[in-house]
Amino acid sequence: MEAVLDAAFFRRWLTRVTAVVEREATALTELDSAIGDADHGSNMRRGFDAASAAVDSEPPDTPGGVLTAVGRQLISKVGGASGPLYGTALRRAGRALGGEPRVSAEQLRDALGAAVDGVRDLGGAAVGDKTMLDALVPAVEAYGAALERGADLAGALDAAAAAARDGAEATIGLRARKGRASYLGERSVGHQDPGATSTSLLVAALADTAREAS
Amino acid sequence: MRDRLTSERPLVGVVLVSHSREVAASTAAMATGLVGKDPVAPIAAAGGTEDGGLGTSALAVLEAARQVDRGAGVVVLADLGSAVLTIKALLAEEDDLPERTVLADAPFVEGAVGALVTASAGAPLQAVVTAAEEAHQYRKV
Chain A
1 MEAVLDAAFF RRWLTRVTAV VEREATALTE LDSAIGDADH GSNMRRGFDA
51 ASAAVDSEPP DTPGGVLTAV GRQLISKVGG ASGPLYGTAL RRAGRALGGE
101 PRVSAEQLRD ALGAAVDGVR DLGGAAVGDK TMLDALVPAV EAYGAALERG
151 ADLAGALDAA AAAARDGAEA TIGLRARKGR ASYLGERSVG HQDPGATSTS
201 LLVAALADTA REAS
Chain B
1 MRDRLTSERP LVGVVLVSHS REVAASTAAM ATGLVGKDPV APIAAAGGTE
51 DGGLGTSALA VLEAARQVDR GAGVVVLADL GSAVLTIKAL LAEEDDLPER
101 TVLADAPFVE GAVGALVTAS AGAPLQAVVT AAEEAHQYRK V
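If you read the sequences in order, they're chains A and B. Under the numbering used here, think of the first position of the first sequence as 1, with each following residue one higher. Under the numbering used here, think of the first position of the second sequence as 1, with each following residue one higher.
Isolated chain B (complex conformation):
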């Protein structure tokens, strides 16, 4: 019942941008598995170049962002280099990214789990960004 209530408000979407198609897709699957309940917030993977190589496809990023946009905002996590720069270029040039799209300054895998769990709980955009970025504070040693 609680899930039904929270699901009436649109959930924040999460986009994972990696150089590798497999890393992006597997990280999305892992985060979804770790949410462990319904509803899971919308999540989409944009990994690799258009021809399946290592790199970033701006078109795939735009498509993923549109796919997860429910009107509550979109949090993007990226791994390195061109993945980060492509999103920043798209954000800076006011391209076709949905309104209220935010690049989280977060570690990729840990941040993705934090973001998706928080988004799935119905948290607003800024809380989802913060959850992703707080993954920096998770010390392993």
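So here's chain A without its partners, still in its complex pose:
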């Protein structure tokens, strides 16, 4: 059965992401200690723990409401640059989904596009700068292309997850042009970007949530 994109779907995604971030926090912080300030894992864990607690205590009844609530918590609680960036991405996505109790795979594509625009507007980065956009942009493109080819939601999200993972791995060869890592110049080459890595985890969790429901 095709997964239904309702508030419950996005709450299951949040539960999954919170667990994944918990499990991967040490690995994310290790990546961040190579080229950043060694706090990405703990920051993400703090943010998603707060988001899960907030959504559990006052569960929104629409997909847009869930994403907006998560975004708000990330902006408030993370403490590092990933907070406003992920927070803005999710709030833009949530706003794009509006107040509908269920959304379509195509609406999700548009919401993901709004998330990309939010990250670009806020951080001023472009693809190739060794940031979360290097995972997010290919993921959103792959998702849209898969829908065009007639894939169902789970199939399109699988394509997105694969593209995000590839994009994150490809940041190893890139030189950082944004954030603390950019001060390292050429020495940032050879390390996978922590933000692109956490983005690929978030997208993979979306695909797993759809897979589990179908």
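Certain hints may be false.
What the hints assert, rightly or not - Below 30 Å or equal to it, Euclidean Cα-Cα: the simulated BS3-like pairs (lysine-lysine) are:
1. A/178 to B/88
2. B/140 to B/37
3. A/178 to B/37
Claimed, not checked - Simulated restraints on C-beta separations:
4. A/30 to B/127: 41 to 49 Å
5. B/10 to A/184: 23 to 31 Å
6. B/127 to A/22: 45 to 53 Å
7. A/99 to B/59: 25 to 33 Å
8. B/63 to A/57: 50 to 58 Å
9. B/38 to A/33: 20 to 28 Å
10. B/22 to A/184: 20 to 28 Å
11. B/71 to A/104: 44 to 52 Å
It is worth saying that the hints were derived from the structure and are not from the lab. We put the beta carbon where it would ideally sit given N, CA and C, even for glycine.
Assemble chain B onto chain A, guided by the hints.
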């Protein structure tokens, strides 16, 4: 007497957002000291994360902005990375920042001094922003 007259108009508030609690607080103290007269415009420091580590607390930024808001506007100065992005995210999402809150594109310490001196003289919001941003033109060599 002149001070009394200018103080009747609400002063622009200044918020300093740094990754470090100590940097934000010390910069506020230094700017206040360099104003050197009463009244000093309202200034608040929002440095570090909630647990006292290096980073940015959006809640501390919101609290600082509310604390210095007298209705004449609030100028925010930030150091780097998450400090800048957090304020921009709060501004973009029309959150709970006071009306007429502006992020100055200014060097942190020099801009803070310029902003606070100008705000304390009773200047309007845009003049305070400009004073902070003109700190870029202060050449040291």
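Okay, the hints, checked on the actual structure:
no. : hint                      : in the structure
1   : A/178 to B/88             : holds (16 Å)
2   : B/140 to B/37             : holds (26 Å)
3   : A/178 to B/37             : violated (41 Å)
4   : A/30 to B/127: 41 to 49 Å : holds (48 Å)
5   : B/10 to A/184: 23 to 31 Å : violated (45 Å)
6   : B/127 to A/22: 45 to 53 Å : holds (49 Å)
7   : A/99 to B/59: 25 to 33 Å  : holds (27 Å)
8   : B/63 to A/57: 50 to 58 Å  : violated (22 Å)
9   : B/38 to A/33: 20 to 28 Å  : violated (48 Å)
10  : B/22 to A/184: 20 to 28 Å : holds (25 Å)
11  : B/71 to A/104: 44 to 52 Å : holds (46 Å)
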